[in-house]
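We have chain A already, so just place chain B on it with the hints.
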Amino acid sequence: MKLKSRKLKKTTVIDFATYIGVVLAFIIMNTLKNQGMLTRSLTGQLIPICCYIVMAVSLNLTVGILGELSLGHAGFMSVGAFSGVVAAMSLQTVIPSEPLRLAIALVVGAIFAAIAGTLVGIPVLRLRGDYLAIVTLAFGEIIKELINCLIIGVDETGLHIVFNATGTKSVNDLGLSEAGRVLIKGAQGATGTQTIASFTAGFILIMISLVVILNLVRSRSGRAIMALRDNRIAAESVGINVTKYKLMAFVTSAALAGAAGALYGLNFSNLVATKFDFNTSILVLVFVVLGGLGNIWGSIIAATVLTILPEALRGFDDYRMLIYAIVLILVMLATNNPQMKTLFAKLIPVRRGEKVNG
Amino acid sequence: MEFLSYLISGISLGSVYAIIALGYTMVYGIAKMLNFAHGDVIMVGGYISLLSMTSLGLPWWLAVILAMVVCTVLGVVIEGLAYKPLRAAPSLAVLITAIGVSYFLQNAALLLWGASPKAYTPIIAGSVKLFEGQLSISYVSMLTVFMCIVIMIALTLFTGKTRMGKAMRACSEDKSAAQLMGINVNRTISMTFAIGSALAAIAGVLLCSSYTSLMPTTGSMPGIKAFTAAVFGGIGSIPGALLGGVLLGIIESLAKAYISTQLANSIVFAVLIITLLVRPAGLLGKYVPEKV
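Chains as they are written, first to last, in my numbering: chain A, 6 to 363; chain B, 595 to 886.
Quick caveat, the hints were computed from the structure, so don't treat them as lab data.
All residues carry an ideal CB built from backbone N, CA and C; glycine is no exception.
Possibly wrong hints are sitting among the right ones.
Stated by the list, open to error - Straight-line alpha carbon distances no greater than 27 Å define the calculated DSSO-like cross-link-like pairs of lysine-lysine that follow:
id, chain 1, residue 1, chain 2, residue 2
1, B, LYS850, A, LYS174
2, B, LYS712, A, LYS280
3, B, LYS769, A, LYS346
4, B, LYS626, A, LYS346
5, B, LYS850, A, LYS280
6, B, LYS678, B, LYS769
To be verified - Take a look, some chain A residues computed to stay more than 12 Å from chain B by CB distance:
id, residue
7, ALA22
8, GLN97
9, THR196
10, ARG223
What the hints assert, rightly or not - Calculated from the model, a selection of chain A residues having no Cβ within reach of chain B, i.e. all distances over 10 Å:
id, residue
11, GLN50
12, ASP178
13, SER224
14, PHE273
So that you can see chain A by itself, here it is in the shape it has in the complex (with noise of 0.2 Å):
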């Protein structure tokens, strides 16, 4: 085995070693949940993990692959997740199948993620820097307040749907007949939506995604995307088609995190677009940046660690949230010092070549 993996590429390595660390980490974490060994909280917070593994590293194909500052990853979110619950409750009598309504209900949710990502991202990736970050930004709320302003039902006829612009129009405007069941509820949002993600699907999602992400940096594709963020005048000299590339990654990204979405909406039987607000994003841009821009694994852990962190200092109640702002600023603080990168680069000396491209 040692001799094989020494003729294998250091950045193959890496990858085998997310995926295997993240089957074990599942297989860990479905004995112990199996067990009953794990807190209620715990075991509450399985699928949004794996909900925010998924987002953190899509939205790392963005930041940290493409390089380019996105604010509105949580809009995808939003659209996958609703899409994604008018799916699986509008099947529920057609598929009675749980699993495979899940599975449809995120293909459904990252179907409508990545058209919504071609819609932004044809006009937007032509801006550059902080600029193209005000307009994800901005894309993020208009997608908040688009879906606040849904109202949908279902009957037998098929799907109604009501655009409540101006605020006048209720679900009686949907026109349902007696069988028919109001899905969206405008600014009440998603409400007695029936739970049926589960963490296996988490889980399979998270494998999923790690496996389009991958393979798509190790590929021709994401060299050219890479090239882009390292240089793009001089991709751009050497025949590199900087829209198709920007937006393969961008279109990547937002699918994956509509699929994540979706699997969030159907984990809660009430959920308001609200949710995905800007501070959503900014979350989830956390991860990314504490786990390593570029760093798969990184975001993994970075997800992990920092949604149960807030739950972890649940004991010292009001100060948790105060706690996990000092906590992020002195994280980032140590980690950009100079002193404390030499010391890192002392101890782990191997690492410090993979950090670029792993």
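Okay, now just chain B, sitting in the frame of chain A:
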């Protein structure tokens, strides 16, 4: 007449955005960082002025000055503790730190002053009635517009004529060249934060006077809007911040009145996106082509 009153409330709202945006734009121009904590400094300014008026019983002008002093100190302390060590760090690290500071301020305010909204008495009550009472303009909105113009003129003179102002402009163009010319870059940046935070305090008082309520998250949405205004007008440009702020306020107010209350923010952001697609550096921003 109805239109005129919406227009006036839009200009007044826009003036608040403009004052906040000035703080954003100055800090961005010099430190090249998005100071997400700026909106929360506004909130702190609001609380300080409220407490000094209600608990200490100070007259409003003294309360405003006190709020400005506290916010200035706060801004300089934040800059010194959290941002200064990160001068050489990548901009994303600074951004995350700014977000950390923003969380910190919000939660500190939550602990100190509670989560429930507090009623804020406008610093000047009353309004002028025009056209036989059909159009009423509150003194607060007149004061807001007046303050915005005064601040704008003062800042333009400051950056154009004084030594410190010239140092700021030099730093925003080229930090290392400015340092070679004997400018103390660190002090200049601290000074920028001080001015920006003092402006935030004024904006906080004016904002709370027109909304008449105050809670720990009061500053975040106006902060984002003002940031949008700064980008809209061309980030780094002082007249741009004014123009962007006022336009944004007018668009928001008219959209609320005539199109949809729910979608007012979306309309504002949509206008921003369209503007940026046509003019990638904002309305008055300078487009700097990349050097190869």
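Tested hints:
1. LYS850/B / LYS174/A: Judged against 27 Å, a Cα distance of about 17 Å means the pair holds.
2. LYS712/B / LYS280/A: holds, 24 Å
3. LYS769/B / LYS346/A: holds, 24 Å
4. LYS626/B / LYS346/A: holds, 23 Å
5. LYS850/B / LYS280/A: holds, 23 Å
6. LYS678/B / LYS769/B: holds, 14 Å
7. ALA22: holds, 26 Å
8. GLN97: holds, 29 Å
9. THR196: holds, 19 Å
10. ARG223: holds, 24 Å
11. GLN50: holds, 20 Å
12. ASP178: Given a closest Cβ separation of 15 Å, the condition holds.
13. SER224: holds, 25 Å
14. PHE273: Correct as stated: the minimum Cβ-Cβ distance to chain B is 23 Å, above 10 Å.
No hint from the list above goes unmet by this structure.
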